[in-house]
Every structure is written in structure tokens, then in C-alpha cells.
Amino acid sequence: MNLEFSPEEIAFRDEVRTFIAENYPVELRGKQDEGDELSKEDFLSWHKVLAKKGWVAPAWPVEYGGTGWTPTQRYIWSEETARADCIRLMPFGLTMVGPVIYTFGTPEQKAKFLPRILSGEDWWCQGYSEPGSGSDLASLRTKAVQDGDHYVVNGQKTWTTMAQYADWGFFLVRTNAEAKQQEGISFLLVDMKTPGIEVRPIITLGGEHEVNEVWLEDVRVPVENRVYEENKGWTCAKFLLAHERSGIAGVAASKRGVEKIKEIAKTEMDDDRPLLTNPFFRRKVAELEMDLTALEYTELRTLAGEAQGKGPGPESSLLKIKGSEIQQRITELTLEAAGHYGAPYFRGFGEGDNEHPIGPEYANRSAPVYFNVRKTTIYGGSNEIQRNIIAKMVLGL
Amino acid sequence: MDFNYTDTQDMLRDTLARFLADTYDFESRKKMIASDAGRDPGIWRALATELGILSAPFSEEQGGLGGGAIENLIMMEELGKVIAVEPYLQTVVIGGGALKAAGGALADAVIPEIIGGNVIIGFAYAEPKGRYNLANISTTAKKDGAGYVLNGHKAVVYAAPWATHLLVTARTGGSQRERAGVDLFLIDAKSAGITRRDYPTVDGFQASEVYFENVAIPGDALLSGGIDLIEQIVDEATVAVCGEACGVTRKLHEGTLDYSKQRQQFGQPIGRFQVLQHRMADMFLEVEQIMSMTLMATLKLDLPAAERKAMVSLAKAKVSRSAKFVGQNAVQTHGGIGITQELAIGHYFKRATMIEGQFGSADWHLDRYEQLTLSDVA
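In order, the protein sequence lines correspond to chains V and C. All residue numbers for the first sequence refer to this note's numbering, where the first residue is 1 and numbers rise by one. All residue numbers for the second sequence refer to this note's numbering, where the first residue is 398 and numbers rise by one.
Keep in mind that the hints were calculated from the coordinates and are not lab data. Everything numeric in this text was worked out from a predicted model, so none of it was measured. Careful, some of the hints might be misleading.
[Stated by the list, open to error] Computed spacing ranges between beta-carbons, pair by pair: (1) C:E457 - V:T267: 47 to 53 Å; (2) C:F423 - V:E259: 39 to 45 Å; (3) C:F423 - V:A11: 44 to 50 Å.
[What the hints assert, rightly or not] Output of the computed footprint for chain V on chain C, the stretches with three or more beta carbons under 8 Å from beta carbons of chain V: (4) 584-597; (5) 723-730.
Even glycine gets a Cβ: it sits at the ideal position worked out from N, Cα and C.
One chain only, chain V, in its complex shape:
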């Protein structure tokens, strides 16, 4: 047992650090830091730099374009990118559908989709939740009926993140209404330009357009775009959810978040002293670091287990619960630090708008970000569902 990095790992860390310093797109610098809304171009510019370097999908097997890094190297990578305030890449292709395709897909599907996920050529979205099927995902009703060599899909999906930009979507659809819920679902890859698809925005509390409704009316999807067997889509879905959860802890980003709070509280004055010397505020920062360290070492234990061939199992629910709660507490503290300046509603600069933000820069989006991040305990399987999973799968209750 040993917590130290080896000399090789330290050399790797330095290599990563140098690479980021030399290659992170100039126009993106500071964007993550200020909580700005990011455009498709923003995401793609960093994606493409990494794709060129071969580092865009660290966790993928080497044969499909992964890096072959050890879990420790991947940990170093996420630490360093968070430390440098790099924007986080969209997960839908890289960490969600990509692993499903290389695990369950046909050789043709792998050849067609994986390179374009890596290059950033295809932007992916996720068609899972439905208005009537949130936590109870398996009750989904979007229907796919086979007609020759196509499925005809009808239904409605919701909370589809960034679908407004998507070229492709992976959808869970019902292909057998007679079977037990989980046994009648298939996993389809859908070209978002197919006639019959309509994407409608959902505006969230901070005014962001991040999520969408996706309406499907007689959408024809080639049968060859089904991943894995018909009615076995739930296997892919479960695999993907477990994957999604292990990344969802967001330890590195939260560490950076805590550092930012400290920076803010060093300059924000509370009467005649920096806010960080206020014992109540400082105690909250310390408690946050306590819980974040507990999460970090839990994640490291999970990663080490993965290195020995143990896939992410129901323990990843622990990472999701604690990771999301910590992310929310960080936004709470930032809003608290903002004081009066949490209230102004600032939507960023428009074209030709050269006005200064209102109050300190960090305060500008403190409230919208706080509102937005309430989503983390809801998405990816709500924290109530995660506790059910732990009770059932880990505790055997």
C-alpha cells in the first residue's frame, strides 16, 4: 500500500502539465473559471486538440484509440486538466455511447462510429428519459416497430442535453410491449437529421438552454443501427449508467472548485477582514475539504480496483451521491460569498456589449450556477435511486 507517485508517474504529470500549458486553446482560457455557457465550438476546439494528440478518450482500450493509461495516469490527467481549468468535454460520445459501441457493437458499427467520436466529427446526445419515465427509466414508452430493414420510432424523450447540436443520438426504445419492462427495450443509434425528429428547447432556472425535448414521429432507423440484440438494450443501458456514475464523482473539478472559493474568500471582505478568516465561513470550507478528501480516496480505491480488473459496480453509486452533494455545496458557498451580488441577473455579454459585469466577476453567475447544479442530485439516476441501488445491490436489503 502506497500513496506516492512513482518517478515515471511524476514524469507523466509533468508531460501532461506542459502539454496543457502549450496547447490549451487561448480563447477558452478562463471560461470554465467564470462558469460561462460554452458553445459547440468551444467544446470542439479542445476536443480536437486532444484528438490530434491521441488523448481524447483516456479510458478506451488502445485498439479503439484509447491511451492505455493506468488508472493512476487517468487520475493524474483529470487532476491536471481540472487544475488548469480546462473545459470538460461532452461525455455523450466519449464516455457514454463510445464504450457501449466498443463493448456491444458490431465490427461495422465500431468502424463507422468510433473514429468519428474520437475526432469530434459527430456530436452525440442521449435519448433516455421520457416525461413519464425519469427515475423509473424502464417504464419508457417510445416505441420502435420493425418495418422491413428499418425500425419506425414514435415517442418523446426529454432532458436531452445539448441535443440542439447533435448529429447522432443513442435512444432507448420499446421493441416488445408484451415482455417484462426491462426485457422489451432496444438500444438504437439515430441520425438526428432523420425526418420526423423535432428538438424543442427547455429553459432552466438560470436561463440556460442546455436540455431539450426530442419528439419522434415515424422516424425510420435502419435495423443495422441497433446495438446488441433486440430487446437486450437494457444491458447496454445498465452498463452505460455504471460508467456514467464512475465519472460523475468529479473529484478533480470539485477540488478546483474549493480552491476557487478560497481565492474568492481571500479577496471578498467581511467587515475589516477577508471572508476566509471568518470562522463560520472557514469552517464550511474545511468541512468541504474533509468530505472531498473522503470522496477522493474512495474514488482512488475504486480506480485501483478497476486496475485489478474489477469493473465499476454498484459502489459507483457512492461516488455519484457524494460527488453530486459536494458539487452542490461548492455552488452554495460561492453564492454565499457573493453576498448582495448574488442577486443581479447577468446573462453574459452580447454582441458589441462592452459593459462591465455587475459586482465581482465570480459573483455574476453564482446564483444561476447554484440553481443549475441542483441537477446533479437528479440526473444520471437520482440520489434516491442511487441509495436504492446501494440498499439492494450492496447491502442485500
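Please build the complex by placing chain C on the supplied structure of chain V, with the hints as guidance.
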């Protein structure tokens, strides 16, 4: 011991509740906020003239109905139930409260105009670096002949874009953070030398950064009473905001309860799951305690300053924490739909969040309470 409202008070509540039910549904509120002015001025006019209830907390000699803090609580609670963006807190509770307390010719002149709906007041007390300490200000009012000259920058002045008057705290003497030398002025919002930068707030109001550059104001704009008066009216305002929280959190809880009975997952209403039942029971406990603390503090506003401050702080600290609990759990129980603009619940959550910090966070008020009541042990 009596926690009953009088018949007159019940009538006031009913009148306002009926009016708001007719005029302030969620869709109408949305339209008001989206309009250029950010509100419907007709609502304020109707409150003043048609309903005649802006007079509720003023004495009969002042042309009012003879009420006080309890009437303000009733008004704020009902306004909170519809998350109204009316400037009642700023104009009647704070502006009216300051004038009532200070008295004199200015009060005699302005109070009838408040009652008549002709005056809207913005309370310019916060400063960019002041946080919640009311004496931590650098805006100055320098004596100049019979009058004063104002210079400074006030932050996040709610209702300022609509205001006919500004109630401004400024230094006539002393240094930053010194209690002595802080004074209160009621001035014409259109005075030469005032510039504003207006913006919407996250909870649907309109506010401004207000800049004073050599603003000449008359000597009788001064409301005598200094920092003690300012602390008193801010305590009254704090309790009024607690009253608003009563309405806001009551609706958050009710809305969540309703939703949990309708929303089906796993073949049953989600309200049947014990984990959510306990959560909604806990929300109920918090809403009831918000009500209890608000009533307690309302009834203690007339105590000597030290006692008043201690009890107001205890109430606001509890209300801040409970409002956070109720708001966050309302959203969580709703799931994704709780963080969209579509449902009212998210908008109540936003207002509840802003109430948490308004006139001091839970920590700030607990600290003030400790200093007032627990610091003689050491």
C-alpha cells in the same frame, strides 16, 4: 397568550388574497416580469386605491388603518404566496417604517403619498464591499450650507428603477465601519447627479447600482435617528422578509405535496415512497417553524434594541436555514422539472434562495445573536 388575528386583520388578508388570486397567477406574473417595466404598475395602483390597503401599517393620524408589524407580516406573507415583485417591502415596510419612526414634516408629507400609491421607494443601503454590516459604508453626505452633498455607490438597490424616492444611508461623519456618523436620507430619485445601472435580479425583481455624484439634497431630507434608526428599520424589514418566507415556503411545500400525489413512477404516486414521505414531513416541520419564528420576532419588534436585535437574528437565522431546506427539497422531489422555468416551483425556489441572504445570512445572524447574548461569559 394570543396568536389570533383580529377580524380586521383577517379581513385585510382575505382582501389581498382574493385580489392576488385574480391578478397574480403564475402566467400573469411571468408577463409582468417580461414586460419593459418588469412589473404591472396597475397592481400597485389597485393596492393603493381600489383596495386601499397600503395604509394598513400606518396610524390613523397619518391616514392609515392603525396597524403595524402584524399587518406588514400579513401583507408580506400573501405577497410571498404569489412571489409578487411589488415594492411593498421597500416602500411601505422600510420607507414607511423609517418615516413613521422619524416623524416630522417629511413624514407628514410623504406618508399620505405612500398610502395613495404615488411614491415608490428604493432602499439604498448596501455597498459593494459592505456585506451585511450597516455601518460599513463609504457613501458620504457632506454638509453644504443648509443641505448636504451626496457621493458614493450603492449596490443592488431593489426597486430602484421604479422608485420616485431613494432612502439612502450615508456618512455625515466618522470613518468606514464606525457606527457614529451614519445617517439616513429620503431623497428625490430624480435628483441631479444620480445615475443608475438597472438590471433584473435572479428572483424576478428589478434593481440597480446607484451612483451619487455631488448630489445636492435639502437639509430636511435627513431622518434623524442615525444608525439606531437604520438598525431598527432593517430589523423590521428582516422580519417582513421572514413573513414573505412564510408564504413562499408554504407554497413550495404545498406544490411538492401535490406533485408527489400526481407523479407516477414504479406504478405508484411517488408520494407513496417512505423516503419522500419523511422528506415532506420534514419540510412541513420547517415551514411551521418559519411561521413560529416569524410571529415571535414580529411580536418582539418593540422591545429595547439589544433584545429586539437578538430575537430578530434568531428568527432570521432559522428562517434562512429552513428556507434553504424547503427550497432544495422541493426541487429535488420534483426532479428535472423543478429546475425548469416552466413550473412555478423553480421560481419559488429562486426567491427562497435570495431570502436566505437578504439582510444577513444564517451565519451572520447567529453571530450577531451570540455577540448580543453569549459574549459576557468569556
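_Name the hints, by number, that the structure is in violation of._
Going through the list in order, the structure violates hint 3 alone and respects the others.
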